[in-house]
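Keeping their order, the protein sequence lines are chains A and B. First residue of the first sequence: 1, per the numbering used here; consecutive thereafter. First residue of the second sequence: 1, per the numbering used here; consecutive thereafter.
Accuracy of the hints is not assured; some may be wrong.
[Claimed, not checked] Here are the simulated distance ranges between beta carbons: (1) B:Leu702 x A:Leu109: 44 to 52 Å; (2) B:Val545 x A:Ala80: 32 to 40 Å; (3) A:Glu101 x B:Asp574: 39 to 47 Å; (4) A:Val84 x B:Leu702: 16 to 24 Å; (5) B:Pro647 x A:Arg11: 30 to 38 Å; (6) B:His699 x A:Leu109: 20 to 28 Å.
[Claimed, not checked] Which residues of chain A face chain B? A few of them, derived with a C-beta cut under 7 Å, are: (7) Gly73; (8) Leu75; (9) Phe117.
[Unchecked claim] Listed next, the stretches of chain A that the computed footprint assigns to chain B, with coverage defined by at least 3 CB atoms under 8 Å from CB atoms of chain B: (10) 28-37; (11) 82-91; (12) 96-110.
Hints are computed from structural coordinates only; laboratory data are not their basis. We put the CB at the ideal spot given by N, CA and C, even for glycine.
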Amino acid sequence: MTSLLTRMVARALLAPTLVVAAAMLVKGYADVGDGFAAGIVAALGVLLQYLAFGRDEVVAALPVLRAPATALGGLALAVAVLTVPFALGGALFEHWPPAGEAAVHVGSLELISAVVFDVGVFLLVLGAAVTIIDALAAPEEQEA
Amino acid sequence: MRDRPVSGSAAVAIGLAAIASAALAAGWAAGGGGVDVPWAPTWNLRLAFELDGLAALYGLLAAGIGVLVFVYASAYVPRHLAHQRRPRGEEARLHGAMALFLVSMVGLATAQDLILLFVFWDLTAVASWLLIGFDRADRNARLSALMALLVTAVSAVLMLVGILMLRVEYGTTQLSELFAVAEGGSTVTVAAALIAVAALAKSAQVPFHFWLPRAMAAPTPVSAYLHSAAMVAAGVFLLSRVHPLIALSGGLLDVLLVVGLASMAVGGALALAADGLKRLLAYSTISQYGYVVTMLGVGGEAGAAAACFYVLAHALAKSALFMTAGAVTEATGAGALSKLGGIAARMPLLAAGSGAAAASVAALPLTLGFFGDELFFAAALEHGTVLSALAVAGAALTFAYMARFWCGIFLGAPRGRAQPVERRLVWPVAALGAVSLVGGVAVGPFADLAREAAVVTHGARVDLAAAYHLDARAENLMALGAYSCGLLLFAGRRLIDAPLELIKRVGGRAGPERAYGVTLGGLNRLSNRLHDIEVRDLRARVAAVILPGAGLVALGVAFTPTQGAYRVGAIAADDTPLIVALGVCALAAVAVTAPRHHLALALSLSGVGFALATAFTLMGAPDVALVAVLIETIFALLFVAVFARLPRGVLRREAALRPARSRQLRDVMIASLSGLVTMLVVWGGLSRPTPEGGMAERHLALAEDAHGKDVVTVILADFRSLDTLVEITVVAVAMIAVATLLRGRLRA
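Just chain A, same shape as in the assembly (with noise of 0.2 Å):
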């Protein structure tokens, strides 16, 4: 078990680590960082619960059991950004809204389904990181 210290640090990082990604995933269009290094971010925090809590108590913490399906359900929505618009009408991977009109804003937050996508990406990312990390730590008599 690990130390006092390391299971603070690491309970008072999970927060700052997914607003971090957050932050990333929105920020993305504008600046430094997309989908994939945001659910990368998220992922490390994550890995950090693992380290300092042992799989038992992230498992009871966390939905990390969830995360085969969350990345799948990040496929799913990236394959819709990309198909919706064909079935709309429109040309497949048709981007929203078209070049040269304005993006509709939701207070500082631009709306665009190129966005949407890479939140698909993140979701893919994460899940991915995620299921890989819970595979390597399931204690292997358990699944005997």
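Guided by the hints, dock chain B onto chain A, whose structure is given.
Frame of chain A, contents of chain B only:
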């Protein structure tokens, strides 16, 4: 014997064939018509179907014979499955594939775009593979199915090459547009020759004929369909369809002529020597399509008319004969001439129906086949004396083996006991025989159908006159000559057994089937050798990727002009941090080779990555640097996690291993070579000035339209979203693989 009820799947297939026949017949009666909708407009591809004369002929054959063959199959297949103690449910698989066969043949016949034609062409190959290999437990059936698929699908690739050549030359794959603009020349000749190769392979012409006798491993209804109206017919169909292109080159027509005559001779001779019923018929098919290819080689009005009429007459008769073979085998349990004889009295209707069909193939008067031979002789006469003589010889061979087939089964001393069989095994044969006889009396509608098809093949008006002439004209004399020679061959067949046996033996030793086997075996051995080398250990696997890669790139570098390609730029003062970062990177890379302990190795590898990330930062690529740092971090941690799972002892033992001296030397050489080549390529790339208005500038300009400010993210999420989608799919697959492997190992 009481007939079993028709199963649901068989009923669906029969219904489909009946509806297709009715629709095609009604469409043809109403004067044709077509569908033309855009498919891939940017490539000028259209889903263009048209019911022209040629489409009507082949479509009606596929659908009409399909009805009768499917009815026959509804009785035959349950028996076939029962013989092999297989569940009756497997029947649906056969009927489904037969229906696919029918649909792809009708699609092929009506397609007016070469790419579309190619799609249906390959669909027929898929259907035939499923059908020939229907007896999955039988190794021979599987190999035969593979052979049919390889011979016809590999040659189809040549056809695709030919189609693309035409497309590059004329910018279209629409047949009508091609015919309008194509002129004789090397491109058209080569393209047409490639297409013709695929067609000849499909029609089992010499030297591709060997797959067809093997394909009789299929259940009999499949053979009946494959030999008459589908698959093999598709080859001559394609030749007829693109004949205006082939006819632009006289040399190509001569090649067709030679191939057709060779197939007539080889197929006819082997049919005369064959003992198995289906084998005899298979060789006969090779020979009969040899007739058609010969006539297409003669070309012109007479050739086109003869070819189209011959296909019609042959398809009707050949399907009946195959179904006869199946019914006889089901009734007596024997499938070879040497074990059969004298069952005409036991199966009179079958004997009559197949007698009419055999007479039609042998071109006796009062059958449809008579006119086929009449037109054939007329076309040969127009071409010259030599061909006329060869035509008579071919017809004599056909007469002889058909007489052998029918007389061998139905006449002579009764041998074997014929059990009664379902009526559905007999009446389709009788129906097809009746059609052959009706055609022998009232040839009008058949001649009309063939004439309209010939118009498409010939590309101009065709005069097709089929009638009996009771005079001493050349065609009649040739027919009489063929009958008498055929009768002599039939009577003296014992005498020619020895030379035929010799032909068979030589063919087996040095024929194309042998070449196919040797090629396939050689490829298999080569693949096994390479695989063995590659999978020996991890180093070999890495080498298997980087060594060929380095070799190919080195070839590319060797053939690229190098003048000015390798420049050494100046070093400015503010480059110092970058140089330091790169120096650290190089040092770390060298240091990776030192540690023997796994953890130290993993950490020094991360060191290289972090140093590289620093270099990216200094070069003004924060996005790349960020991803590099994150990846290095998570990978270092994952490495540690993996090592933690491995038993300590294994790690210690592995760390203590020292590879052999020669292996070390080899590894160093491979690594140096690939490193050197990589350096050359990178150096060359960096020496090139960034072009004005290049991709990078366009991306920057377009990012504005995409509402993005970080061009790297915009490229990933918008401009190259398809690439990204493929990559994240790979990540998903890798995730599933890793999770499955780890869990699977634990369970095991």
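Hint by hint, here is what the structure shows:
Range check, Leu702 (chain B) to Leu109 (chain A): Cβ separation about 23 Å, and the 44 to 52 Å hint is violated. Here the CB-CB span from Val545 (chain B) to Ala80 (chain A) is close to 35 Å, well matched to the stated 32 to 40 Å. Checked against the given bound of 39 to 47 Å, the beta carbons of Glu101 (chain A) and Asp574 (chain B), roughly 42 Å apart, stay inside it. Taken as a hint, the range 16 to 24 Å holds for the pair Val84 (chain A) and Leu702 (chain B), whose Cβ atoms sit roughly 22 Å apart.
Look at Pro647 (chain B) against Arg11 (chain A): about 32 Å separates their beta carbons, and that is inside 30 to 38 Å. As the Cβ distance of His699 (chain B) to Leu109 (chain A) is approximately 24 Å, the hint placing it in 20 to 28 Å holds. Hint status for Gly73 (chain A) relative to chain B: violated, with the closest Cβ pair at about 11 Å, above 7 Å. A least Cβ separation of about 5 Å between Leu75 (chain A) and chain B falls short of the 7 Å threshold, and the interface hint therefore holds.
Because the closest C-beta pair between Phe117 (chain A) and chain B is about 5 Å apart, less than 7 Å, the hint holds. With 10 residues having a beta carbon nearer than 8 Å to a beta carbon of chain B, the region 28-37 of chain A meets the requirement of three or more and the stated coverage holds. For the region 82-91 of chain A, the proposed coverage by chain B is not satisfied: 1 residues have a C-beta within less than 8 Å of a C-beta in that chain, short of the threshold of three. Judged by the Cβ-Cβ criterion of 8 Å, the region 96-110 of chain A is covered by chain B as claimed, because 5 of its residues qualify and three suffice.
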